[in-house]
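Using the hints, position chain B with the ligands against chain A.
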Amino acid sequence: MSAPIATDRERGTAHTMVGALNAALRDAMRDDERVLVFGEDVGRLGGVFRVTDGLQAEFPDRVFDTPISEAGIVGAAVGLAFAGWKSVVELQFDAFSYPALEQVIDHVAKMRSRTLGRVEMPIVLRIPSFGGIGGKEHHGESPETYYVHTAGLKVVVPSGAIDAYRLLRRSIADPDPVVFLEPKARYWAKEPGELTVDGPGIGEAVTVREGRACSLIAYGAMVARCLEAADVVAAEGLDVRVVDLRSLVPLDDDALRRAAEETGRIVIVHEAPKTLGLGAEIAARVMELAFDHLEAPPVRVTGWDVPYPPAALEERYRPSVARIVAGIRRAVTY
Amino acid sequence: MQPPEHWRGTEPVRILAPDGTPVGEPDVGLDPEGLRSLARWMVLARRLDRECVALQRQGELTVYPGFEGQEAAQVGTAAALGPDDVVFPTFRELAAALVRGVDPVRYLWYHRGTWHGGPYDPRATGFGPICVPVATQLPHAVGHAIGTALDGRDVVTVGFIGDGATSEGDFHEAANLAAVRRAPCVLVVQNNGWAISVPTAAQTAGEIWRRADGYGMPGVRVDGNDVLAVYRVVREAVERARRGGGPTLIEALTYRIGAHSTADDAARYRDPEEVERARAFDPIARYTAWLTAAGHLDEATLAAWEQEAERFAGRVRAELVEQGPPPDAWLFEWVYAAPPATFEREREAALAALGDEAAGP
Ligand SMILES: Cc1ncc(C[n+]2csc(CCOP(=O)(O)OP(=O)(O)O)c2C)c(N)n1
Ligand SMILES: [Mg+2]
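Protein sequences appear in the order of chains A and B.
Its first residue numbered 1, the first sequence is counted upward by one per residue in this note's numbering.
Its first residue numbered 1, the second sequence is counted upward by one per residue in this note's numbering.
Only chain A is shown next, with the shape it has when bound in the complex:
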């Protein structure tokens, strides 16, 4: 078996998101012996993306492979929570989280409320998600709306390695269940910096580029694309703000309000289909929060309202830099 690929934090080198997530799981398990990691192929193999690489060797009793039974896996996490364990579960791919939806919606999200707050569900559901890796059918979906629409869950999406570490540590420490959506397309992108829990928490958006002409609101892999689009229009003298949401539940209303007040124009970018995607919620919120400051209707640049396409067409579906640029133009010329 090969050596763990976990990044060495002390060296302060660049981290991949896979390495950062691996380090977050390892550190969380070292710090808290009630943390368990289980799911399909997470033990011996170290996960199909190697996020759990080497963990079973270090924590043989607390990291285990399960049969292929997503409903059973998540249901067991609920029972384990009753027994006082904190489960970090991996569901192998976006679409393979669906067999567990009943457990997630009926139990994970509601147990605290059903038990008058007596039983907490400190569960993290890690789901490699979204497209952009030329994957097969069911390996490129954006499942966030299903989870965002379910009260009782928190939903987070890191856009890079450094924040992935922080968000995962925060998610594991959170007393509420967190759906942790990992953008596969960013798994191997390297980011320099220190892996630390310090910094913005769940519920705080981060402005990753300042600007006044308009605000791009995005999360996950679309943040990097928005930065590219911002560079393109910067060459024409348009300075565009880019906000990385990080947390879809709870949303950072203050950041949304500020973006609307200070730039007056909002462009929301996500891979998920347009209808009832996050863009719908954000557009509604900026209108509620700062209607008088808006200079243009919010613009949505999203996946189409069609099934996620095969690899050959996925970049005709995911928002491209060109489509984001077109969205910026629509917002600023309104």
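None of these hints come from the bench; they were simulated from the model.
Ideal Cβ placement from N, Cα and C applies to all residues, glycine included.
Warning: the hint list may mix true and false statements.
[To be verified] Here are some chain A residues the structure puts well away from chain B; computed CB gaps all over 12 Å:
id, residue
1, Arg44
2, Gly46
3, Arg169
[Claimed, not checked] Some, not all, of what chain B presents toward chain A, calculated at C-beta under 10 Å:
id, residue
4, Trp115
5, Gly117
6, Phe332
[Said to hold, decoys possible] Label-pair restraints from in silico Cβ distances:
id, chain 1, residue 1, chain 2, residue 2, range
7, B, Val321, A, Glu295, 21 to 29 Å
8, A, Met287, B, Arg123, 44 to 52 Å
9, B, Pro340, A, Pro60, 52 to 60 Å
10, A, Met287, B, Pro339, 26 to 34 Å
11, B, Glu306, A, Ala280, 56 to 64 Å
12, B, Arg315, A, Gly134, 20 to 28 Å
13, A, Asp198, B, Trp334, 26 to 34 Å
14, A, Ala235, B, Pro339, 33 to 41 Å
Quick look at chain B with the ligands alone, frame taken from chain A:
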């Protein structure tokens, strides 16, 4: 010769020993031509499978799940069906698809990333769409069987599934429903010892075929690398279903010689020696040894099949690599039978936007 770990326990139905010696009645009701055709399909299938792995390495397929070692389980099952019978496959049944007459080029569109599901015609071929969410095709097979029975049609439906997939709720729900409705179907589990990195022993603590008893249907464990035994066992199950005798659960013991897919590195979790040991149970060598000894096969015929397989693989490759990306319009083409006006407006706007993009900023 030590059989793979997951073959332990109940002895499977077997006609040919691993070296090709008969240990059961080899007359399964096939004439020499029919007997030879089982071997020919296995030879063609294996050659195509290897071509697909090469195509993936050369960037012509996205990811490819090979089936080397499982030819007998698939060919034996597919050959035991009548022309109107229907198969609901997983993602690993290209060999069965060939026997059922599915165009391999169309089939491979799936793995090329050109289109999803069933780029061939599932109705015309009697072969359901490729199905990746494990076990979810099994309720489809059962529903299809219930439907054809309601129509009084003489059709038996086969649902393929893997060992790992038997851990899913959908497996249980499908098997139970099939049994209580006495649906004319056959559930074929290809137990190839592995579900990605998880061995069968970590997947299920019992023997899969025995679950049939709990559902109230016959269960059979068969040597899935013995094409004659697979043919006989499936044939009997199909005939029982045709007579109104309801479903059968078959566990075909086989072995996944390759990695889970071209994206998988099996060396991380599987001892290569296990694979070498399993090669001694190769389904093609076993069957051609018996065919030859029985006087049904000569060197020249075998060599001719191998040449045919070469040409076949070459033709599939040539036709496949010609296949460019589909037009943008396909994104919207088959989403609705009766597209709503809102959808039509989005289609128009999207195709215009994509056209602009292709034209450049
Ligand atoms: C619902 C679901 N969960 C997880 C996966 C990921 N996955 C793809 S194949 C596979 C293993 C399947 O094993 P098995 O049923 O034995 O079939 P085999 O691959 O051996 O043919 C897994 C876990 C999936 N496709 N669907
Ligand atoms: Mg298997």
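So, going through the hints one by one against the coordinates:
{"no.": "1", "hint": "Arg44", "verdict": "violated, 5 Å"}
{"no.": "2", "hint": "Gly46", "verdict": "violated, 7 Å"}
{"no.": "3", "hint": "Arg169", "verdict": "holds, 27 Å"}
{"no.": "4", "hint": "Trp115", "verdict": "holds, 5 Å"}
{"no.": "5", "hint": "Gly117", "verdict": "holds, 7 Å"}
{"no.": "6", "hint": "Phe332", "verdict": "holds, 6 Å"}
{"no.": "7", "hint": "B/Val321 x A/Glu295: 21 to 29 Å", "verdict": "violated, 51 Å"}
{"no.": "8", "hint": "A/Met287 x B/Arg123: 44 to 52 Å", "verdict": "holds, 48 Å"}
{"no.": "9", "hint": "B/Pro340 x A/Pro60: 52 to 60 Å", "verdict": "holds, 55 Å"}
{"no.": "10", "hint": "A/Met287 x B/Pro339: 26 to 34 Å", "verdict": "holds, 30 Å"}
{"no.": "11", "hint": "B/Glu306 x A/Ala280: 56 to 64 Å", "verdict": "holds, 59 Å"}
{"no.": "12", "hint": "B/Arg315 x A/Gly134: 20 to 28 Å", "verdict": "holds, 26 Å"}
{"no.": "13", "hint": "A/Asp198 x B/Trp334: 26 to 34 Å", "verdict": "violated, 50 Å"}
{"no.": "14", "hint": "A/Ala235 x B/Pro339: 33 to 41 Å", "verdict": "holds, 39 Å"}
When the structure is compared with the earlier hints, violations turn up for hints 1, 2, 7, 13 and for no others.
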